[in-house]
Amino acid sequence: MRYAHMLLIWAALSLATRGTAREFRELALHHAVRAETVPIIDGSLDEACWKLAPPFSRYTHDAGKNPQETHIRIVWDDRGITFGVINMEAHPERIRASVRTRDGGQVWADDSNEFYVDPTATGYALYKFDVNSIGTIADFWQPDPGFTDHSWSATSARAASSTGTDAWTLEFFVPWSDLGVRAAPGDLWMFFHRRLAWTDADGKLTVTSSTGGNFMERKFGYISFTTAELPTPEALGERLGSAAAPWVVPMKNRWLWANGDGTPRLAEPPAVVAHYRELAEEAVSAAVELAATGTGERNAAALAELDRRLTVADDLMPVDAAASYQALIREGEELRDEIALEHFLTNAQ
Amino acid sequence: MPGFVCLRIVVMLCLTGVLSAQTQMDGSRANELTTDFVTPHLEWVESLEGGKLRALFVVSLSRARLVIEIAQRMPLDYAAVTTALRTYDLAITDHPAYDNLYTGTSRAAKTQELLDKLESEYEVVVIAGVDLGQLPARVKLRILERVQAGAGLVLYDVRGTESLQAIFAHPAPAGEAAIQALAPADPSLRAYSFGAGRIVTAARMNVAPFHYDGPAWWARFENANVLTMRTLLWAGGRNLVAEAPELEGTSARRKANGRLRLRDSWNAVLTENADPVLELPPLPTGTYYLDLVDGSEPGVFTFQVDSGHTAEVTITDDAIDGFSPIRPTLLLNAPVQNGRATVSLIDMPYQRIWYQREILLGDGLEFPLAIEEYHMPTLAATVRVDVHTGETPVASASTIVYFPWYQQHAPLYADTLWEYNPGGVDRIRAIAEYDVMGYSGLLNRIDGDRPSVQTYMHLNLRHGAHNFGFALGNTGIGENLTDEEQESIALAKEDFSIGNPHTEPAIRATVRSMIRHKSLDRYPLAFYGLGNETKLPYTNGFTEADTRFLREMLRDRYGDIATLNAAWGRTYASFDEVPNMPMEEARVNGMYPEYMAHRRLIDETVRRRIEIISDEVARIDPHAHMGCDGTWSLSNDGINMEEILANPRVNHWEQYSRLPRAEVLRSLRPDAGGFLWGWIMANDSYPEAPWFNLLIGCGNHANWFLSGCSIGGMQLSADYRPWRPRMVDELEKLRTGVAQLLNTTPLRGDGLAIWESYTSNVAGLLGDPRLPRSTDTSMPLIDYCYQHGLTFDFVARRGMAEKLAGYRVLVLPGSTAIADDEAAAMLAFVRNGGTLIADLNPGILNDSFGLLAQNRLHELFGRLNSEATPVRAPLSIDTQLNGRHLRLRADAVGQVPGIAPLRVTTYGSGEAILLNFTLGSARESTDAESFATFVGELLAACDVAPHITFTDLPADSIARVRQGDGFSLIGVTHRRLASAGENGDTDIRLNLPENGYVYAVGEGFVASADAITFQLSPPFRLFSVFAGEQSAPPLRLSTTEVTPGMPVRLDLRGLPVGRVLLLQLRDAEGNLVRPRREAVQHEVFLVGDSPDHLVHFPYTTRPGDYQLTLTDVVTGLATSANLVVRR
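Listed in order, the protein sequences are those of chains V and Y. So the first sequence is numbered by the numbering used here: it starts at 312 and just counts up by one. So the second sequence is numbered by the numbering used here: it starts at 3 and just counts up by one.
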């Protein structure tokens, strides 16, 4: 019975991993929980509703360093959506806060949080809010990638913050009326959260991003709107079926993931990773076999590099390993094509 | 159990086939070429032996139109894969996560498209403007396999060929010769053989000049297309064997099949036939082309004719002042017996003849000419002289003249494109973008190698300069600086403080240099935009000269140190002790006067720079239109706009500003035009920005540019109408009368003023809770006015006392810093019957930011405790005022403890109302309806109420009411709907104060009623209301029988002065025949003092039936008449 399960899973994986050229990525998944008691925007997350909202803490550093510890919770009510962010900070005395006017300057040059909210979940129509550590808001609306309306403002949005000995806390509310849309349980919005900090010893910028990437690549995650009861993985899988695959949402002991065909699945991480590794090996081997029919130092070096990266990927965390193997599949195929072209040109002479 | 769940889900989801469907935008417009838009061209090949040439183009978007140009001229069975605009990339858009936002535009999608198309058998693959390094190896291999098997490959401007050198091993000089035997030569062209196939490389796909430089451009463009056609045919394996025709005396003998066609250098076809011999007409000296048409291959043979006579037309000054006579000189190399000359004035680029006279030539060689009493509608024209002996032409010559005067007389409304850079098919693009779309000009920078003003004048495009700034030693201008100027710039560069004595001469030298660089003294710009790059960060200003300048400013302001100390609350011993402090340091330490002093230093520096630039430009070009940017992005709320706009040389303003700055601009300089700068839009949106700005009166011209990732709009189809489905018709409505009507109809005065205070605005930036931001009250008030069609104006310090006489109410938003004289004007206003409404803590500071022991206006608002900090507390107002019931309840509103939420004081004949909160704070914590009711009742209690009302007007709508001569103009828009490209679908009722005749502007009669119902579909509606019924304007013409060259006179007597009229001429097919961007006589005009209006017909007018329609824009009522044009 166990063997039969494995065969079925393997068949599904094989089907799913063909023909994808897209980048494998980890989706940041946030649960926005309906608040029965409306939070007061005072920079303190002490209302009962905040305890119901699960925190999201999987952040990355844009430059590959350790991210700054950050926790975001999201709640919603009849009036709008509220974000609560705890920005852990070892040096609160270094927090920058210079912009005090709404849309009045470079809020990002202060210690701040950026919220990219895309109610259409299209990946290109979004509202962006920068909020600094004294609650100054700058925002714009981008209905499509070529048009950014900086004159737009969420006129009724409000923010408040408080600073403690080891963290600063931001509470940021945006009413539905400003977003022109009202969320309901079961809705899925695209979302990306980023923290900008200037508190290191050199006063340089530290960027901490929710998993998935940064603004320019727009590898946004999602906000899943729920009642107080969180959805099951199966229900989440159905909702996320429209996300551009391949993606993965790490969960306890399992992955909710989808490959190129976009079909959401639950699987144990080792099975997924092993499958990718096998495909990567096949792609590299095919290039090696073709290279063996000709000569060329460049090819040898490139092949050796692919081989080295296969080994390196073995030591990565599962999500990163799967992404690396997927990249190697594509690069292996491209190198095989390069070798074929070289052979053609050599023979043509 | 988890394993079971896992399996169940895998199987279930696989079976149900949940699909990945990340939403993408339609990219088809970027991936497909269209032949829908036909540009002027000659016919070359009707059918080819062997059938249509089967070609696959891999072409960058910037060159894609050239594919269509070829397809218009020869039988071509083509497919195209389009690539990035200018970057040599394969992908048009790049978006790794979602496989691109636009379908089919990613690298992966383009690769697949190429591989799919390479499955078909093409005779030739043409790659233009692509880096081969961007082509996947699999694609390159597939192409080369095709070539090796016999297909052709043409590489135009292709990078990355180094790794493919093997394919260039076998040059084919015979191929190069065959291609260029009957086409203009291209020195970069190389031919090769590869296996059974052929390869050609060349630097450019089209060797015609980039810039349209005059009438001869058309012939060069035709000839360049012949070269391209021959290149493709040879590479595709078609043999080029035709021989050049033989010239024998006055005839040409064809040595290939097809027919011969004779063209002159202006691309005019002089004669053609299919006989073996083509008799040539008498030809004046010049260059001619014999075309091989409809044969086995296209070809062009260039030859020269020398009649023994040559002519030259010279002119001392080619920049014509207004309509003054044009005085060229005709120079001949030899006397012409029985000579005569035809002098023509031909517009550019349409080549219509507007003036034609014949003169007799005597025995001389030099003949001064005078072209007088002419009509010329374009910015540049050609003076052409054709010299004859008897009836025989012997010589022809021309010169270009410019009409810079036109540049500076803009129409009532101009919409232009941003930064039009003429490219390879410049004239073709110009036709599409400007003639078809109706734009009046363009905005571009003028530095460096950017095209000259004349380049654009050739295309009849008004050129306005963006960022006519003063960056010292700007690139491209250094060569014309004198030694003295260079020295002053070098010295100023060391310290660019306005306090440095070298700075002003350096700025002036730079301005002069820029003007010389582009000959702007002869060919002036339509307008000089001084640009938002004039801003200075407030963290600047700490050089020695800056500090010296600051102290001089303080000495001028206060006279002596004791006065400064009194105003600031300080004890400085002298001005030299006053610190020039970083503003943040001053703010944090509560040193507000020092903060304000530095702020004034920077703002004054900016103002002074603008003053110097504008003064220097005006010295050279007294008629220059100069515009100052409305807002500086980093100091939006605090800029000293009033002082900058006090400069009389700034006669238009440029705003891409936020509110309320745009409304401040409108209010402070109602005499100046506004230009909406840099408006961009989403693909499917309506023209929200011009709608909004025109409606509120903040921008009466619009400039815009495309959006949509890196996809260029025009190159594919040369017609971007498909790209902007909701924009094109609406922009056309604007420019055919609606915008002009809005621009010339003043806003209705409702008696409401808002105080614009530079000092209070800055105080609000300090972050001190005692000092609220002015926008905390002004913006909620503006939102209310927009929603209810209530007009307001901002009033600032200059001329305040006189201006206030025109208002019943003055609102002081966040007006914490008030000067003595300002307080006096306010007191007088109230004493004389006005009402003053203030929010938190009015006048607790003086205008130096010194805290006052006794607040200003205490006579009106009582003594305020400037030390008290507002706290959030419940707010409750329930009172009567002047017969109105004011009621407001809110949860948590910032208020100063111990002060009533609303306090009314009677003073003289007027009243003062103190709100112990900002409107913004109240709006945040109560419901929208209660808040609006409170504001409405408060204003009504002060005798300010809207002229009209709406029922069920959607939230965030903007309504404006204007008052014309005998009519009201009521407009409504909704920015969000417009931006999203959506229509309102609910009924809105417009309630009028009394019964009236209602017309939809530009469209016609709606109803005779005291109310109408409409929808925001489209989300911009404009109605006029008259007391009586209106009739269509009379169309009284001097004749309906038109002789080309003779104007028709339209009698305007009896029409109200100032009425906006639209006059359109259509041909028998119903097409508009007048290019709509004519510089002098626009199709939209105002009834003025003149009793008539001339309708001009050039000598080149095609005979036939025409229809002239006169529309009274405000009512939309029109009258038409038929005209017959006879030869």
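It is worth saying that the hints were derived from the structure and are not from the lab. Note that the structure is predicted; figures quoted are calculated from it, not measured. By construction, the Cβ of each residue, glycine as well, lies at the ideal position given by its N, Cα and C atoms. Keep in mind that the hints are not guaranteed to be accurate.
As the list claims (entries may be wrong) - Among the chain V residues that face chain Y by a calculated CB cut under 10 Å, a handful are:
1. P350
2. I351
3. S355
4. A408
5. S409
6. R411
7. W463
8. E592
9. E593
10. L656
What the hints assert, rightly or not - Derived DEER-like restraints, expressed as beta-carbon distance ranges:
11. V:A420 - Y:D38: 58 to 64 Å
12. Y:D954 - V:A539: 51 to 57 Å
13. Y:G152 - V:A615: 49 to 55 Å
14. V:E404 - Y:R874: 38 to 44 Å
15. V:A615 - Y:R161: 27 to 33 Å
16. Y:R161 - V:A420: 51 to 57 Å
17. V:E593 - Y:F212: 33 to 39 Å
What the hints assert, rightly or not - Here chain V is said to cover these stretches of chain Y; the calculated rule only asks that three of the stretch's residues, wherever they fall, bring their Cβ under 8 Å from a Cβ of chain V:
18. 145 to 156
19. 166 to 178
20. 768 to 778
21. 973 to 985
Given the range 49 to 55 Å, decide if the beta-carbon distance of G152 (chain Y) to A615 (chain V) lies inside it.
violated (39 Å)
Can you take a look at whether the stretch 768 to 778 of chain Y is actually covered by chain V? Rule is 3+ residues, C-beta closer than 8 Å.
holds (count 4)
Is the interface hint satisfied for I351 (chain V)? The criterion is a beta-carbon contact with chain Y at less than 10 Å.
With a closest approach of 8 Å, the I351 (chain V) hint holds.
Can the stretch 166 to 178 of chain Y be counted as covered by chain V under the rule of three residues or more with Cβ-Cβ separation shorter than 8 Å?
holds (count 4)
Take the C-beta atom of R161 (chain Y) and the C-beta atom of A420 (chain V), compute their distance, and say whether it sits inside 51 to 57 Å.
Hint violated: Cβ distance 39 Å, outside 51 to 57 Å.
The hint names S409 (chain V) as touching chain Y; please verify it with the least Cβ-Cβ distance against 10 Å.
At 6 Å from the nearest chain Y Cβ, S409 (chain V) passes the 10 Å test, so the hint holds.
Cβ separation of E593 (chain V) and F212 (chain Y), checked against the hinted range 33 to 39 Å:
violated (51 Å)
Look at the Cβ atoms of A615 (chain V) and R161 (chain Y) and judge whether their distance stays inside 27 to 33 Å.
Given a distance of about 29 Å, which is inside 27 to 33 Å, the answer is holds.
Against chain Y, with CB atoms and a cut of 10 Å, does the hint on E593 (chain V) hold up?
At 18 Å from the nearest chain Y Cβ, E593 (chain V) fails the 10 Å test, so the hint is violated.
How about A408 (chain V): closest beta carbon in chain Y under 10 Å, or not?
holds (9 Å)
Interface hint status, E592 (chain V) versus chain Y (Cβ within 10 Å)
violated (21 Å)
Any CB of chain Y closer than 10 Å to the CB of P350 (chain V)?
Violated, about 13 Å.
In terms of the numbered hints stated before, the structure departs from hints 1, 3, 8, 9, 11, 12, 13, 14, 16, 17, listed from lowest to highest.
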